[in-house]
Amino acid sequence: MQYMCLIYSAEEAGPQPGTPEYGPFMQGYQAFTNEMQQSGKMVHGDALQPISTATTVTLENGKREVTDGPFAETKETLGGYYLLECETLDDAIEQAAKIPSAKHGRIEIRPVVVWDN
Amino acid sequence: MLPPFKLEQTIAQVVREDWGRILASLVSSYKDWQLAEDVLQDAVEQAMTSWKEDGLPDAPAAWLLTTARRKAIDKCRKNARFSELLPELTRHSLLIQHSEDVGMENIFPDKRLELIFACCHPAIDQKTSVALTLRTLGGLSTEEIANAFIDQTKTMAQRLARAKNKITKAGIPFEVPDEQNLEERLSAVLAVIYLIFNEGYSASYGESSTRADLTDEAIRLARIVQQLLPQQTEVSGLLALLLLHDSRRSGRQDKSSDFISLEFQNRSRWDKAKIREGTNLLKITLAKQKLGVYQLQAAISALHSEAASWEDTDWAQINALYELLYSMHPSAVVRVNHAMAHSYAQNPTSALAMLETLAEDTSMQRYQPFYTARADLQYRCGHLEAAQKDFIRAIDLSKNSVQQSYLRDRLALIEQQLSDLQGGSPNN
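Line by line, the protein sequences are chains E and R. Each residue of the first sequence is one higher than the one before, starting from 1 at the first, in our numbering. Each residue of the second sequence is one higher than the one before, starting from 1001 at the first, in our numbering.
Note that these hints are calculated values from the structure, not bench results. The reader is advised that the hints may include incorrect statements.
Below are the BS3-like pairs computed for lysine-lysine, each with C-alpha atoms no more than 30 Å apart in a straight line [said to hold, decoys possible]: (1) R:K1166 to E:K41; (2) E:K103 to R:K1078; (3) R:K1071 to E:K98; (4) R:K1166 to E:K103; (5) E:K98 to R:K1169; (6) E:K41 to R:K1071; (7) R:K1166 to E:K98; (8) E:K98 to R:K1031; (9) R:K1078 to R:K1006; (10) R:K1166 to R:K1071; (11) R:K1154 to E:K103; (12) E:K75 to R:K1127.
Here chain E stands alone, though its shape is the one from the complex:
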């Protein structure tokens, strides 16, 4: 099964760029990505630009409405994701708990829909 691990955290939480903690923090991400690739669980993963770069679009009566900012203002925002191939939810929980941001944020685990033809 494929599980989407959505990484949520407050942008000011955790190690910030330019601090001595940031290097080891990012190395943790590199190590996690390597581990997932080697174990064959890695499907895909990306980091997202900060929430200040977000744009939201919707259609109101057929008219495009574009707004600056995220869909909902929340303290914890989506900062990136891993799409993992895992046997069970327990396996997905175990992997997701190793994502470095789990220490100061949360990882939401969502199973991916498999479409029946």
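Add chain R to chain E, keeping to what the hints say.
For chain R alone, kept in the frame of chain E given last:
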């Protein structure tokens, strides 16, 4: 042949006894909770008509399982999953045909542990785990569960359907957790069983202060898990605790079904067989020297059971056990009980001081036993007005009518004493 009413009773009994084991077996085969439940329900309905005509089969559980499996084949033929399930279904129909050669354990392996671990998975909300465990392992109907938790049957059915859907869609595994995770996962299972028991025992809603069906069901579930995991001391600890608590069931209510606190219970009404079973199990378990919170609570309960009267209770030892329990599980609830034990082992004044630190805890503001305990301690320290205030608050928070009437009696006594004091000294 059995008369119809007797037959219906027998069928109901077979279904209650074996539902969990049959369902576990079906879920294990098909990995589809809804399908498993539907075909078992259909098989039960068929049993009602078939058994009325042909009499009870020699092995009713095996009959139900076989019939349910046939119904699963019928259902799966109609959808695309048939090809996927075919190897599994063929294997089972072969096993059913040759059941004498392969032995019962092969056609009917016990998968109840896998079932309860899935029901009580931390990814499922605890209230839902309770309902799901009662439905799947306990064989209670959705309506019975809804009644027990004062919920609409429809709401409960939706809750159960959502949970089964999540288990399938999110890939919650149908397996006993590995060594590394067993302890943590087991504690979630035990918490659910204890919650079911407490719901029946203290009945926070409704008119009867004991809903025997839920306490019996919790004991039955604890027995199942204990038989399947006999080396896990906390499982045995929980079973012992439930037996010891439950031994006092008939002592907790008087003829008019009013709640009687431990202090005033008629100890001759306690169930001695349950006390013996609980105490013996606890002794064997404590000897294994893997202590845990359920064993400690069972030990406290056993000391109450051993005491010939309230006055004869070994409060010093109970106080020490609460001290230990608090160190393992520092909760406000344990602290309240610890303070009460301390008040008997030592004195109510220092016990009252133990509660003062808790008073700032916001979760205590709606916790009825805290106010009941503090009211009692205030009263015993001679602080009548403070006691009056706390009893009023406790009555306000209590949702149980028999408990409320007990608290009102105590409040009435204090108010009498207060008015006597005022009446006795008119010049003040």
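Each hint tested on the structure:
no.	hint	in the structure
1	R:K1166 to E:K41	holds (22 Å)
2	E:K103 to R:K1078	violated (48 Å)
3	R:K1071 to E:K98	violated (44 Å)
4	R:K1166 to E:K103	holds (26 Å)
5	E:K98 to R:K1169	holds (23 Å)
6	E:K41 to R:K1071	violated (37 Å)
7	R:K1166 to E:K98	holds (23 Å)
8	E:K98 to R:K1031	holds (28 Å)
9	R:K1078 to R:K1006	violated (37 Å)
10	R:K1166 to R:K1071	holds (24 Å)
11	R:K1154 to E:K103	violated (40 Å)
12	E:K75 to R:K1127	holds (29 Å)
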